[in-house]
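Novice: Chain by chain, the residues:
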Amino acid sequence: MSLEPATVAPLLAEFPFEWNYIRSIVRVSLYVSITAVALSTAFSLPVALLVGFREFPGKTLLASIINTGMGFPSVVVGLVVLFTVSNEGPLGSWDLVFTPEAMILSQFVLAAPVITGVSLAAVSSVEQNVRDAAYAMGGTRFDVALVTIKEARYGIATAVLAGFGRAISEVGSVLIVGGNIANADGTSVTRTLTTAIQLEARQGRFRTAMILGAILVALVLLVNALVVRLGNGGGGRYG
Amino acid sequence: MAIQRRAFVGGIGATVAVGLAGCTALGGDESGDQPTISDETLTLTTTTSTYDTGLLDEVNGSFQDRYGVTVDTVSQGTGAAIETGRSGDADVVMVHARSQEDEFMNDGYAINRRDLMFNDFVVVGEPDDPAGIADGDDAVEAFTQIADSESTFVSRGDNSGTHTKEREIWAEAGFDDDFGEWYLEAGQGMGEVLVQTAQQGGYTLADRGTYLSMIDEIDLEIHVDGPVEDGPEILANPYGIFAINPAVHENANYDLAMAYIGFLTSVEGQDIIDEYTVEGEQLFFPRALAEEPNYHQYVPEDWDGSDQ
Chain H
1 MSLEPATVAP LLAEFPFEWN YIRSIVRVSL YVSITAVALS TAFSLPVALL
51 VGFREFPGKT LLASIINTGM GFPSVVVGLV VLFTVSNEGP LGSWDLVFTP
101 EAMILSQFVL AAPVITGVSL AAVSSVEQNV RDAAYAMGGT RFDVALVTIK
151 EARYGIATAV LAGFGRAISE VGSVLIVGGN IANADGTSVT RTLTTAIQLE
201 ARQGRFRTAM ILGAILVALV LLVNALVVRL GNGGGGRYG
Chain C
1 MAIQRRAFVG GIGATVAVGL AGCTALGGDE SGDQPTISDE TLTLTTTTST
51 YDTGLLDEVN GSFQDRYGVT VDTVSQGTGA AIETGRSGDA DVVMVHARSQ
101 EDEFMNDGYA INRRDLMFND FVVVGEPDDP AGIADGDDAV EAFTQIADSE
151 STFVSRGDNS GTHTKEREIW AEAGFDDDFG EWYLEAGQGM GEVLVQTAQQ
201 GGYTLADRGT YLSMIDEIDL EIHVDGPVED GPEILANPYG IFAINPAVHE
251 NANYDLAMAY IGFLTSVEGQ DIIDEYTVEG EQLFFPRALA EEPNYHQYVP
301 EDWDGSDQ
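Chains as they are written, first to last, in the UniProt record's numbering: chain H, 1 to 239; chain C, 1 to 308.
For the record, the hints were derived by calculation from the structure and aren't laboratory data.
Some clues are possibly wrong.
Unchecked claim - Chain C regions said to be covered by chain H (calculated; three or more residues, Cβ under 8 Å): (1) 42-52; (2) 68-82; (3) 86-92; (4) 185-191; (5) 205-218.
As the list claims (entries may be wrong) - Short derived list, chain H residues pointing at chain C, Cβ under 7 Å: (6) ASN87; (7) GLY179; (8) ILE181.
As the list claims (entries may be wrong) - Per the computed footprint, the stretches of chain H lying under chain C, defined by three or more beta-carbons under 8 Å from a beta-carbon of chain C, are: (9) 94-102; (10) 196-205.
Beta carbons: idealized from backbone N, C-alpha and C, even for Gly.
Chain H extracted, bound-state conformation:
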């Protein structure tokens, strides 16, 4: 299907709620996915460092479990999170169902194994003698961790990007726990780019869905470019 500018311009004018609609959807998408990835990173990095540095029985099994988590089907995660946050579930009293926070929770569950797994591989590949040298120079455990992170920064950046890609592009869990809600004036509450695309496709408005899809791809591209740039320019920041 070709998207000629001549057909795109009137399409944008015909958008159901125009800019407010798109803007709020993009905002919800970014808010949910960036928060989820930030939380996942804060959780996953220490875990990756801890597991990566130590030798203990069952380490291979643990790594396998983490790697399996990378492939969790998002609808299953959505279902489990729904039962957790539902009124009758263990977190029912927090009133999280059909909120962006519930979506953050499910994307956290999806992104964390990816970030942990890829970071673990990156951290493990930092050579033992680099860590030994840091120790030998009188570094504390914290210093050694910092040196390792610095050495593995490209791998860790890749891990975060992979986690972000998984979070912002998944549709199954956010649809279930978020409910794809937009207000009557078109302001998104829990509608993300992916669930909006699903809705537009359901209503047969394929061209609108395509445009939302283009925005999604552009966003992911933008975030990737930003992170790569940070990685190149910020080399000395960790040391």
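Position chain C against the provided structure of chain H, taking the given hints into account.
Specialist: Here is chain C on its own, set in the frame of chain H:
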């Protein structure tokens, strides 16, 4: 051509830039845009048919202006909408499958049911009509012909109100589970099923509202009309609305749910439903206002007046 393409890419870039700018700009003054009398949120679960037609945006906009209450609408199939209410994650439920509503009332979860509005189902299919059912006035007969000619039939297959009605018609036609390969269960919403039917060729049962709202996007024709156009009564499609019982789910927002039901069944709410059109066609017909008493809307249809 190349320049045009660059203009398109530029347009997308601008879209993203504006979108991102909006993210920061909107953060602070969000609450200033909306009338906030009570600043509360009401969760409504409903069917895809009421949502996809755009009716709810119209009704909820007026309700929000009046009460300052935000309505979070989750559109699911009737079965899923009721299940969400059952677990206490919704405050008010609007669906169209009386048998499922009755069961829900009998289980004690739903109270204060009202008849809200109606439209009808239509049997739609590809224009060249391979099963030869066009202009019939008997839905059961049409379904039998579809089965006999083994024409493709796309079923919702999602326990929705439309699916419930479809199975009822199949049962009348003498089919319960013994369908052939021509019978496809999509497991999707009405809009998706219409799109699928149009692309695959074949027939499906649709509510008139969703069909009309998508008439520009799909190449399907009505072959058997419902009662709105003097078709058979079996194709009637009544919508009911009810609140979640606060005695069962303590945190259900019962007073707001009743305000919402009250608004929708008021003269003003019924007028909004009556006046809502898509492409000049009325999609829903109000049903809540009647001078004569209508006790059956409050209780399960088979209730005989006895206490338990």
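Novice: Please name the hints from earlier in the document that this structure breaks, with their numbers sorted from lowest to highest.
Specialist: When the structure is compared with the hints, none of them turns out to be violated.
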